[in-house]
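Student: Following the hints, put chain B in place on chain A, whose structure we already have.
Residues per chain, in single letters:
Number of protein chains: 2
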Amino acid sequence: MAEPEWESLEQCLEKHLPPADLREVKRLLYGKETRKLDLPGRAFESAAEGDFELQGYAFEAAEEQLRGPRTVRVGLVQNRIPLPADAPVAKQVSALHRRIESIVEVAAMCGVNIICFQEAWTMPFAFCTREKLPWTEFAESAEDGPTTSFCQKSTYYMEGNLGHPVFQTPFGRIAVNICYGRHHPLNWLLYSVNGADIIFNPSATIGALSESMWPIEARNAAIANHCFTCAINRVGKEYFPHEFTSGDGKKAHKDFGYFYGSSYVAAPDSSRTPGLSRTRDGLLVAELNLNLCRQVNDVWNFKMTGRYDMYARELAEAVKPNYRPHIVKE
Amino acid sequence: MAEPEWESLEQCLEKHLPPADLREVKRLLYGKETRKLDLPGRAFESAAEGDFELQGYAFEAAEEQLRGPRTVRVGLVQNRIPLPADAPVAKQVSALHRRIESIVEVAAMCGVNIICFQEAWTMPFAFCTREKLPWTEFAESAEDGPTTSFCQKSTYYMEGNLGHPVFQTPFGRIAVNICYGRHHPLNWLLYSVNGADIIFNPSATIGALSESMWPIEARNAAIANHCFTCAINRVGKEYFPHEFTSGDGKKAHKDFGYFYGSSYVAAPDSSRTPGLSRTRDGLLVAELNLNLCRQVNDVWNFKMTGRYDMYARELAEAVKPNYRPHIVKE
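Chains as they are written, first to last, in my numbering: chain A, 1404 to 1733; chain B, 1404 to 1733.
Okay, chain A solo, but in the shape it has when bound:
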């Protein structure tokens, strides 16, 4: 496996492929080309000062007679932890708030309507250690904790864990499929059945485990459900004070592995943005014309052709303890 410092697939292809081949490779890998967004110069200056990457793309849709374009800008944020995992809790949290604040300010300059941070963004990804302390101290009230207060300055934040709720916002219907939830196609489907235009997937995942699945799962979900999906991963390596194992029969270690960033947005027409860097903090701005969802639906009709009544019946049977799989033997 390559070293973490290998920057990104896109950078490598752009460096080595002749323009005509590059165009064709991108078409095969990423579908219809996304237009580069013309973001303000001061946003790029601030990103350079803050040492994070800034990229912007627009997904376009055909003109319609009865509806104007319904454009919304989403921002995906990926970042390292600025302080080591054994620094005092309050210092870690406030350093993260400051770091995110500088990125959110750039997102605001870019006209972002909805911003999504990585999973467990207010702390190191400490679940892998299977220890409680001091990680439980990172827990906050979702009503009035310091992170909620911080977010109320500029952003929009909701959560839910009952079924597959979709949130009607002024910028479209959104849903949040957290981390591991991306592995189950039915999570994406049920958010879509409830009307989601955009499904966010804040994640924390490492190279050895999942890097070749990362470009597939959220993208397949956008295709299968005629919606936009936003896949966000954190960046860097996080060292913990005590050794722990990963339940994989290997030696104990002090880090979970290398979080490879590579956040991206995928569209219902099977196109996608390039990924953010594997190594740097970054903000990905994507302008989505939500009309594309219905337009692609009108071409492919998966919601019409899916035999959901049959699936529901078969699945209800399959979860019964006495279910006998439908196996035909000679």
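Fair warning: there could be bad hints in the mix.
Treat identical chains as interchangeable: a pair holds within one or across any two.
[To be verified] Result set (DSS-like, lysine-lysine): computed pairs, CA atoms no more than 27 Å apart in a straight line:
| # | residue 1 | residue 2 |
| --- | --- | --- |
| 1 | K1706 | K1653 |
| 2 | K1429 | K1653 |
| 3 | K1435 | K1653 |
| 4 | K1657 | K1435 |
Hints are computed from structural coordinates only; laboratory data are not their basis.
Tutor: Just chain B now, with coordinates in the frame of chain A:
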């Protein structure tokens, strides 16, 4: 869009990328590298004589204490129609039989246990014309038609269209998810729930429509369901005697578009083989160690972590005519 003669993604990357970068790009795109199979020289000679491509790869699994490796070789066949679509029906069918026979002979030399041809392999892909004649004449008895007789010489053939049956064969449990069925994640899931180790997806699909979805859907299915999937597409352009439209508001035409081949096998560990050519007939031989399915299941546990009882309930609700989507408003 590139011309049909652009050969393949793999060939382009191999031509231009330095070895270390190529290795990393392949890791990101295709996961853990598949070992090249050492196929017999006379198989390659026959393939060259017959002017079709031959590639072979093996997916490996870890050794287990209680089970030996369960290896099976599958063959995926992609091909052009050898005669034009307005040639006499019987001549077209027998030319296809002869073409496939030459490929099947090579598959036998390669020790293939299960072979899968492309969708509607005994005819041009005439459904797009929405005409009946002469295409209905290609229909045959599945019990004793000439194609069934032909297949009974060397191969194994079964079909079904009721629910999601899985066929127990001496070479593992297999299922067939035909063509458009690949777009619905629940089809793959339900075959897997019924125990499929390998799901074949014989398809017929064209570049403008689906080429950037092709590498995503079957691969996601292998990942999500801890099984192998085999995606097969036909090759070339097929011209029909009468003009027809594709229901896309565009002018009538005599061809459906360019079938881009690119058949591949995907594994549960998110690795995959390279694709066959976009332009040439071909045979892809893949040796699968079916033990990999349970091994990956033991790492990721999607079948254990999927909340299938909840999905079944939510889906059963969602198909009711009076279903109210779960939308949270401010």
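Student: Determine for every hint whether it applies to the structure shown.
Tutor: Okay, the hints, checked on the actual structure:
Taking the shortest Cα distances, K1706 and K1653 sit within 27 Å of each other only across copies (24 Å), while inside one copy they are farther apart (44 Å). For a Cα distance limit of 27 Å, the shortest separation of K1429 from K1653 across copies, 26 Å, qualifies, whereas the shortest one inside one copy, 38 Å, does not. When the C-alpha separation of K1435 and K1653 is checked against a cutoff of 27 Å, the pair qualifies only between copies, where the shortest distance is 19 Å, while the shortest distance within a copy is 43 Å. Taking identical chains as interchangeable, the C-alpha atoms of K1657 and K1435 lie at most 27 Å apart only when they sit on different chains, with a minimum of 25 Å there against 42 Å within one chain.
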